[in-house]
Amino acid sequence: MAKKDILSPLPGTFYRRPAPDQPPYKSDGDPIAVGDVVGLVEVMKSFNEVKSEVAGTLVRFLVENEDAVMAGQPLAEVEG
Amino acid sequence: MAIRTLLVANRGEIALRIQRAARELGIRVVQAHSAADRDSLPVKLADAAIEIGPPPARKSYLAIPAIVEAAKKVGADAVHPGYGFLAENGEFADACEVAGLAFVGPTGDTIRAMGDKVEARRLAAEAGVPTVPGSAGRIHELEEAREVLACTGFPVMIKAAAGGGGRGIRIARDEEGLARLWPQARAEALAAFGDGGLYLEKRIERARHLEVQVLGDGRRVIHLFERDCSLQRRRQKLWEEAPAVRLDPELRERLCAAAVRLAERVHYRGAGTVEFLFDEATGDYYFLEMNTRIQVEHPVTEEITGIDLVKAMLEIAGGAPLPFRQEEIAPRGHAIEVRINAEDPARDFAPQPGRIASLELPGGPGVRLDTALCAGYEVPPFYDSLLMKLIARGRDREEALARLERALAELAIGGIPTTVGLHRTLVRAPEVRAWDVHTAWLEPWLDTNRRLLA
Numbered sequence: 837m838a839k840k841d842i843l844s845p846l847p848g849t850f851y852r853r854p855a856p857d858q859p860p861y862k863s864d865g866d867p868i869a870v871g872d873v874v875g876l877v878e879v880m881k882s883f884n885e886v887k888s889e890v891a892g893t894l895v896r897f898l899v900e901n902e903d904a905v906m907a908g909q910p911l912a913e914v915e916g
Numbered sequence: 533m534a535i536r537t538l539l540v541a542n543r544g545e546i547a548l549r550i551q552r553a554a555r556e557l558g559i560r561v562v563q564a565h566s567a568a569d570r571d572s573l574p575v576k577l578a579d580a581a582i583e584i585g586p587p588p589a590r591k592s593y594l595a596i597p598a599i600v601e602a603a604k605k606v607g608a609d610a611v612h613p614g615y616g617f618l619a620e621n622g623e624f625a626d627a628c629e630v631a632g633l634a635f636v637g638p639t640g641d642t643i644r645a646m647g648d649k650v651e652a653r654r655l656a657a658e659a660g661v662p663t664v665p666g667s668a669g670r671i672h673e674l675e676e677a678r679e680v681l682a683c684t685g686f687p688v689m690i691k692a693a694a695g696g697g698g699r700g701i702r703i704a705r706d707e708e709g710l711a712r713l714w715p716q717a718r719a720e721a722l723a724a725f726g727d728g729g730l731y732l733e734k735r736i737e738r739a740r741h742l743e744v745q746v747l748g749d750g751r752r753v754i755h756l757f758e759r760d761c762s763l764q765r766r767r768q769k770l771w772e773e774a775p776a777v778r779l780d781p782e783l784r785e786r787l788c789a790a791a792v793r794l795a796e797r798v799h800y801r802g803a804g805t806v807e808f809l810f811d812e813a814t815g816d817y818y819f820l821e822m823n824t825r826i827q828v829e830h831p832v833t834e835e836i837t838g839i840d841l842v843k844a845m846l847e848i849a850g851g852a853p854l855p856f857r858q859e860e861i862a863p864r865g866h867a868i869e870v871r872i873n874a875e876d877p878a879r880d881f882a883p884q885p886g887r888i889a890s891l892e893l894p895g896g897p898g899v900r901l902d903t904a905l906c907a908g909y910e911v912p913p914f915y916d917s918l919l920m921k922l923i924a925r926g927r928d929r930e931e932a933l934a935r936l937e938r939a940l941a942e943l944a945i946g947g948i949p950t951t952v953g954l955h956r957t958l959v960r961a962p963e964v965r966a967w968d969v970h971t972a973w974l975e976p977w978l979d980t981n982r983r984l985l986a
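As given, the protein sequences belong to chains A and B, one line each in that order. As numbered in this note's numbering, residues 837 to 916 make up the first sequence, in order. As numbered in this note's numbering, residues 533 to 986 make up the second sequence, in order.
It should be emphasised that the hints constitute simulated quantities derived from the structure, not laboratory data. In this text, a Cβ means the ideal position worked out from N, Cα and C, and glycines have one as well. Incorrect hints may appear among the rest.
To be verified - If you want the ones that stay clear, here's a sample from chain A, every Cβ over 10 angstroms from chain B, calculated:
| no. | residue |
| --- | --- |
| 1 | K840 |
| 2 | R853 |
| 3 | V870 |
| 4 | V890 |
| 5 | G892 |
| 6 | R896 |
| 7 | E915 |
| 8 | G916 |
As the list claims (entries may be wrong) - In silico DSS-like links for lysine-lysine, alpha-carbon gap of 27 angstroms or less:
| no. | chain 1 | residue 1 | chain 2 | residue 2 |
| --- | --- | --- | --- | --- |
| 9 | B | K605 | B | K576 |
| 10 | B | K769 | B | K843 |
| 11 | B | K591 | A | K862 |
| 12 | B | K591 | B | K604 |
| 13 | B | K576 | A | K881 |
| 14 | B | K769 | A | K881 |
| 15 | B | K591 | A | K881 |
| 16 | B | K649 | A | K881 |
| 17 | B | K591 | A | K887 |
Bound-form chain B, shown alone (with noise of 0.2 angstroms):
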């Protein structure tokens, strides 16, 4: 039955976006929120709000209990989690089910048979998509280990099964690194997660981050292309893309396919992500892992296919079928999205919240922001440093990159300091324009420039 009353259980630009979608929809919006963003934009807009708890996410945005406590209070049939927070949560999942509430995702069961990275590789290998050679299950013993660095050779990465989100990687170079880092690793696996799991992956050096976004609707999934995040620090996306750049279309059909293949295999519901490590060098990609939610840069492939993933979401959790055929998705143009975040480049990304004191924001052509800030709010300290998404579209990737430098010109952002002034100097950089990059070349790139982010 199609949603009537929807709650968004999330904050800041995304809580902000579901509201966009589900009004177009005719859907009513009960904004959730704690005592912290009592005056936020996303309350205001909505057609209700209901506060949840204190301003630390652990006592609102992620208490389960009180969410879904607060969906039953307002008349909800729905509960949108965004990304982050409970987004990737199999219990807050079941929880809603149990409560009789639409969870705008997919089931607790697939959430959680793609948080385990072990089971995820494992479905990934049953659906043909290929995955970064390494253990085949989770190993305990360093014996184990040796046996696996026969098909994966040096470098090596050392990683938690019950890990995710580039937590508690070690990489191991040769021999001995292996025997110092593998107790490391195995004493913090069993500290942070309780679970002293691991396993071994081979290392692919000046690998891309290529991630192809899928959509289902618990029977059928189609695929509406790829995206490329390899502008990264510390695992943490910055600038993202579609399409990617240089992608050979049939190496492009083969990734796509394979995301479709294994988003199948497990009845995928909703929006989705397949992530993979691209090796330009070789054409070689290998599955990373899936998310199973909304995703930050999710706008740059709306901006290309034209096709709302947010409303396509919803009509899906309201029982709908899939709203498109693979043969109605085809991209146009070329579009960039980077992240406006709360920190000081000049001080190694300290997050640093406080009153936005002005600001003026960049429009025209093929400009899109996707912000919750206005001038005079109080930015918490309580909850991430993201401040807004600005995306620039062109008919290629050179009037895009010409729109995202304009864009960022007319942008300013007065009272706190911001990765603006970085994404100026990235635009304009050489290795930047040739998309000459990887996952690890922002890192030492920012040790050399430092001069210019000051």
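If we strip away everything but chain A, and leave its shape as in the complex, we get (with noise of 0.2 angstroms):
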């Protein structure tokens, strides 16, 4: 089994969830197939997107809701 990092995209915030009131996109232990949405980078108030360029297992996510991420920073490990 191959582990592979799913790398922010962008440098800013890293938020789980669509809003503040709706569940994470993922959480640790989901399947995971190219194009899903793991979670949202704020860059100066414009919200883009993360998707995963990967097919498995969402292993566990290495940053938290909020964090400062920066570009090409790992934001979760998969088993593929």
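Combine both chains into one complex, guided by the hints.
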């Protein structure tokens, strides 16, 4: 089983939910397909979806909701 | 009592602007900042600085307890909120007062009254200020909406009572559109603001955006004439002028008097702006909203009146009466401000943070730059995209335009895409030169002139 990371495409603030009152896009242990949204990165008040480029199982998130992230920083670990 | 130590609870160019005013008044300046702004110019230039939280605004510049605690810790007796962030948050103003800090702005009650768009319309009507024909209060049922249509006609705007800044606005052009959009608007208002209250307003086509600067001390209110902010993209202002082009003097007097009446009605304290839609074809003007803070575009007013608005705010917050009488305010010449944003006009204005690799700044007669940029600065991704305000002043509009064009040619920001190129194109556009524009003019112009922006 190969391990792969989902990387942040942009610098900004990472959100795991589409809105504060909605459930997270993905939780630890969820199955994941290519193109699935795992979170949002807010850059200067614009929101950008982060999509998985790998398929498998989302083992765990590596950053917390609302954490500041850098471009290229691993956001989640996928086993597939 | 005059302010001795001021906490600046904002960042970027406005933090620096506030520091400059405070320093000229002999006030000690402490800069509140997030972890992302440790190396920023406002932090370097302040007498002292205090970190209030991690980079995301929610945990720093929007964190009321952290800011109030920081103010107490550094021995501040006043807090200036700037614009954005907590500037129009009534609870923040209250929290400052409770902690014994002067909030540089109006009372929490004034902020809340003007922040509720329905209440603001009611107060405006009471003060004899024309409002856009529409519903008297919030309405919940489509049947009530149909009654309001008798006085508005189509097209009509559906707005969220708790909304603002253009969020959640829908335009219905006929009965069918209204029936379709009404439930959408209601659901969205509930989800976004926890308040499904809506109101209807007549849609004024080809309107210009005029706004009047007011200054009050809680007892007396004066105005500092108007600004014209009709060049907007998605309701975000990009270019602002003072005075308004081709405004009849008698109309100007009525507009400014209306703004003063509304501000007096709420015993306004500090700097505020009363916004109007202006229908040039009919000469009608309608109250839009009141912003209870210093605005981004305040420099154009300062340039034509010679009055430092931020200094006046600080003096009033320190307990002084209005430092000017209305008769002392005499506008002279013309001023234009353009907003330089870290956005790429060629890619639908996608914001792009990054490092300022090089910076060449304009100067010379009639040119003012409000910015916290320096070469090597890393523009953080966490806040809004405003990098710089370039303001050009002249004896008349022609001279201001010529200076703006000349200054834009001198300005060079390397490393990240900006809106400098867009403004170089706009300053030469015949419609802009002739001011044949309205609030919905820029977007279609951008679509047809895409090749000029690449």
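Results for each hint:
1. K840: Correct as stated: the minimum Cβ-Cβ distance to chain B is 25 angstroms, above 10 angstroms.
2. R853: holds, 13 angstroms
3. V870: It holds; V870(A) is separated from chain B by about 24 angstroms at its closest Cβ, greater than 10 angstroms.
4. V890: holds, 25 angstroms
5. G892: holds, 29 angstroms
6. R896: holds, 22 angstroms
7. E915: Holds, since 30 angstroms exceeds 10 angstroms.
8. G916: holds, 29 angstroms
9. K605(B) - K576(B): holds, 19 angstroms
10. K769(B) - K843(B): holds, 24 angstroms
11. K591(B) - K862(A): holds, 24 angstroms
12. K591(B) - K604(B): With Cα atoms ~18 angstroms apart, K591(B) and K604(B) stay inside 27 angstroms; holds.
13. K576(B) - K881(A): holds, 26 angstroms
14. K769(B) - K881(A): Judged against 27 angstroms, a Cα distance of about 16 angstroms means the pair holds.
15. K591(B) - K881(A): holds, 15 angstroms
16. K649(B) - K881(A): Holds. K649(B) to K881(A) sits at ~23 angstroms (cutoff 27 angstroms).
17. K591(B) - K887(A): holds, 26 angstroms
In this structure, none of the earlier numbered hints is contradicted; all agree with it.
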